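Residue numbers (UniProt numbering), protein chains in the order written: chain R, 1 to 345; chain W, 1 to 180.
Treat the hints loosely; a few may be bogus.
Result set (PhoX-like, lysine-lysine): computed pairs, CA atoms no more than 25 Å apart in a straight line [as the list claims (entries may be wrong)]: (1) R/K150 - W/K29; (2) W/K62 - R/K150; (3) W/K29 - R/K160; (4) W/K62 - W/K37; (5) R/K160 - W/K153; (6) W/K62 - W/K86; (7) R/K150 - W/K37; (8) W/K86 - R/K160.
Hints listed in this document are in silico derivations from the structure and should not be mistaken for laboratory results.
Being a predicted model, the structure only gives us computed values, none of them experimental.
Residue strings, one per chain:
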Amino acid sequence: MALEDLCHFRDIFQEDITTERFSINLLHFYIPEVEYLDESPIQFAFPLPTNLPFTSSQTVPLPFPMAHGTTTLAFMFQGGVLAAADTRSSCSGLVACPASQKILPIHSHLVGTTSGTSADCMLWKRILARELRLYQLRHSRRLSTRGAAKLLSHMLHPFKGTELCVAATLCGWDGGELEDECHDHEESAGTTKTQKPDLGMTVGPSQGSSFTPQDSSRKARLSGPRLFYVCSDGTRLEGMLFSVGSGSPYAYSILDQGVRWGLTVEEATSVAREAVYRATHRDAYSGNFVDVFHITSKGWTRRKREDLKEEYYREKERQRLERKTQHDILRANTSIYSQCLAMPS
Amino acid sequence: MEYLIGIQGPDFVLVAADNVAASSIIQMKHDYDKMFKLSEKILLLCVGEAGDTVQFAEYIQKNVQLYKMRNGYELSPTAAANFTRKNLADYLRSRTPYHVNLLLAGYDEAEGPGLFYMDYLSSLAKAPFAAHGYGAKRFILNLPSFTVRLIDKDGIHDMEKLTLSGEMARPMKATFYPAA
Numbered sequence: 001m002a003l004e005d006l007c008h009f010r011d012i013f014q015e016d017i018t019t020e021r022f023s024i025n026l027l028h029f030y031i032p033e034v035e036y037l038d039e040s041p042i043q044f045a046f047p048l049p050t051n052l053p054f055t056s057s058q059t060v061p062l063p064f065p066m067a068h069g070t071t072t073l074a075f076m077f078q079g080g081v082l083a084a085a086d087t088r089s090s091c092s093g094l095v096a097c098p099a100s101q102k103i104l105p106i107h108s109h110l111v112g113t114t115s116g117t118s119a120d121c122m123l124w125k126r127i128l129a130r131e132l133r134l135y136q137l138r139h140s141r142r143l144s145t146r147g148a149a150k151l152l153s154h155m156l157h158p159f160k161g162t163e164l165c166v167a168a169t170l171c172g173w174d175g176g177e178l179e180d181e182c183h184d185h186e187e188s189a190g191t192t193k194t195q196k197p198d199l200g201m202t203v204g205p206s207q208g209s210s211f212t213p214q215d216s217s218r219k220a221r222l223s224g225p226r227l228f229y230v231c232s233d234g235t236r237l238e239g240m241l242f243s244v245g246s247g248s249p250y251a252y253s254i255l256d257q258g259v260r261w262g263l264t265v266e267e268a269t270s271v272a273r274e275a276v277y278r279a280t281h282r283d284a285y286s287g288n289f290v291d292v293f294h295i296t297s298k299g300w301t302r303r304k305r306e307d308l309k310e311e312y313y314r315e316k317e318r319q320r321l322e323r324k325t326q327h328d329i330l331r332a333n334t335s336i337y338s339q340c341l342a343m344p345s
Numbered sequence: 001m002e003y004l005i006g007i008q009g010p011d012f013v014l015v016a017a018d019n020v021a022a023s024s025i026i027q028m029k030h031d032y033d034k035m036f037k038l039s040e041k042i043l044l045l046c047v048g049e050a051g052d053t054v055q056f057a058e059y060i061q062k063n064v065q066l067y068k069m070r071n072g073y074e075l076s077p078t079a080a081a082n083f084t085r086k087n088l089a090d091y092l093r094s095r096t097p098y099h100v101n102l103l104l105a106g107y108d109e110a111e112g113p114g115l116f117y118m119d120y121l122s123s124l125a126k127a128p129f130a131a132h133g134y135g136a137k138r139f140i141l142n143l144p145s146f147t148v149r150l151i152d153k154d155g156i157h158d159m160e161k162l163t164l165s166g167e168m169a170r171p172m173k174a175t176f177y178p179a180a
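Please model the complete structure; the sequences and the hints are all you need to start from.
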C-alpha cells in the first residue's frame with residue numbers, strides 16, 4: 001500500500017516480528033502492550049529504581065481462584081443462540097452499579113457476554129469490534145465466530161499471569177452473506193455484464209461460481225449458530241451451553257435440566273430467565289435485572305430488561321396461591337370425610 | 001485432574017485421553033479432544049495449564065506441517081519429539097514458560113512405533129508405556145469418558161470412546177481369577 005511505504009511503515013512492522021514472540025496486531029493501532037504494566041504512574045519527572053515492588057509480572061499467587069462476580073449464560077438451540085446475564089456490578093462487597101450491561105453487541109451478528117473486570121471486558125470488546133470491522137473492510141466478508149474467538153484469545157495471551165480478567169462467551173451467527181453473494185453472482189451472470197465493482201476484490205462471488213455439492217455442504221457447515229467461551233487465562237472452547245461467573249453453578253443446575261435442541265424461542269427465553277433468577281437468588285454478587293439477547297440469521301435482538309425483584313414477588317404470590325388452593329382442597333376433603341363418618345351406617 | 005495414557009505395542013501405539021475441560025470446579029465441556037494431529041502418523045497429547053496447552057500444541061502442529069510443506073516429506077516421530085522438547089526448553093527460562101505435559105505417539109516406517117513422554121521441565125523419554133495425571137476411578141473429579149486412538153502403519157484410527165457405563169463397569173473378577 002502506498003501510504004504504508006510513504007510512512008516507512010513496513011520497517012517498523014518488520015522489527016516487531018523479530019523482537020516479539022507474538023505479533024498479535026498487524027497494524028500499529030493502540031493495543032495495550034504488556035510492558036506498560038511495568039510503568040509507574042508517578043514516573044513523569046525522574047526514573048524510578050527498578051527494584052521497587054511495582055512490577056506486576058511477579059504478583060503474589062492468589063490463594064484460590066477468584067470467582068468473577070456475575071452470572072452470564074449462553075446456549076444454542078434450534079432457533080439460534082440465546083444469551084442472558086444479570087446486571088449487578090460489584091466492587092469488593094458493595095454494589096457499584098445495579099444496572100450495568102454485561103452483554104455487549106460486537107457487530108450485527110455477534111454478541112459477547114462479559115464476566116470478570118468490567119473495565120477490561122469493555123475495552124477488549126471494543127478492540128475486538130474494531131479488529132473485526134477492519135477484517136470485514138479488508139476481506140469483504142465477516143470473520144467467523146471461531147475466528148473472532150481465536151483473535152480475542154491471541155490478543156489476551158500476552159497478559160496471561162497479570163491481573164487482567166476477561167471471561168467472555170461469544171455468541172454469533174456465521175456465514176449468512178456468503179450465500180447472498182452467490183445469489184448475486186448467479187443473477188448477474190444470467191444478464192449482460194452489469195456493473196461489477198472494479199476493485200479486483202471479488203472474494204465471495206468468484207468462489208461461488210464453481211458451485212459443487214461439496215461447496216454447498218461446506219457452506220452449510222460453515223454457516224449457522226456458534227458459541228465460544230474465551231477466557232483471559234487462555235481457555236478457548238466451543239460448545240452448546242456455557243455459563244460463566246460466580247452464579248454459574250446455580251445457573252447450570254437449571255440449564256442442564258431445561259435446555260434441549262428443540263426448544264421454542266419463548267421456552268428458551270423462560271429457561272434462561274429462570275436460570276439467571278435462581279442464580280441471583282442465591283449468589284450475592286449477582287442480582288438486580290436480567291438481560292436476554294437472541295441471535296438469529298438476521299442478527300441480534302434484545303428483550304426488554306426485566307427486574308428480578310418483580311419475579312421474586314410473582315413467585316411468592318404463586319406459592320401463596322398454591323398453598324391456599326391446597327389448603328382449600330384439604331379442608332374440602334376432610335369435611336367430606338367427616339360427613340361420611342357422621343352419616344348413620 | 002486430566003489424564004493421558006499411551007501404550008506401545010509391537011506395531012502400533014494406543015493412546016487415550018480424558019474428555020473433560022474444567023475451569024476450577026466446573027466441568028465446562030464433556031467432549032473435549034486433547035489430541036492434536038501433527039501429521040498422518042503422529043499425535044500429540046497435551047495437558048496442563050489452561051491456555052498454554054492449546055497455544056503450544058498448535059504452535060508445534062503448525063510448525064510440523066510447515067516442515068512438510070517446505071521439504072516435501074514429514075518429520076519422523078523422533079524428530080518431532082526432539083523439536084517439541086527443544087521448544088519447551090527454550091521457553092523454560094524465559095519470561096513466559098509453558099506449563100504443559102505431553103505425550104507424543106507416532107509410527108515411522110523405519111523405526112516402527114514410538115511413544116515419547118515429555119513434561120513441563122522439558123524432559124524427554126522414549127518409553128513403552130507412559131501416563132500423565134491421576135486417573136483413578138474414585139478420584140473426586142471423575143472422568144466419565146476417554147477418547148481412544150490407535151496409530152499403526154496405516155495411520156491414525158479412532159476407536160470407540162471408553163465410558164464408565166461400558167468397559168469400566170464390567171466386573172474385574174473375571175480377568176484376575178483364571179478358570180479353575
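Going down the list of hints, with the structure as the test:
Proposed proximity of R/K150 and W/K29 is supported: the alpha carbons are some 18 Å apart, at most 25 Å. Taken as a hint, the W/K62 and R/K150 pair is honoured in the structure, with Cα atoms around 15 Å apart against an allowance of 25 Å. Between W/K29 and R/K160 the alpha-carbon distance is near 22 Å, which keeps this suggested pair within the 25 Å criterion. Only pairs whose Cα atoms come within 25 Å are accepted, and W/K62 paired with W/K37 is accepted, the gap being roughly 10 Å.
Of the supplied pair hints, the one linking R/K160 and W/K153 is violated, its CA atoms being roughly 40 Å apart against a limit of 25 Å. Taking the CA atoms of W/K62 and W/K86, the gap is about 16 Å. The hint holds against a cut of 25 Å. With a C-alpha separation of about 19 Å, the suggested pair R/K150 and W/K37 falls inside the 25 Å cut-off, and the hint holds. For the given pair, W/K86 sits about 22 Å from R/K160 by alpha-carbon distance, which is consistent with the 25 Å threshold.
When held up to the earlier numbered hints, the structure conflicts with hint 5 and nothing else.
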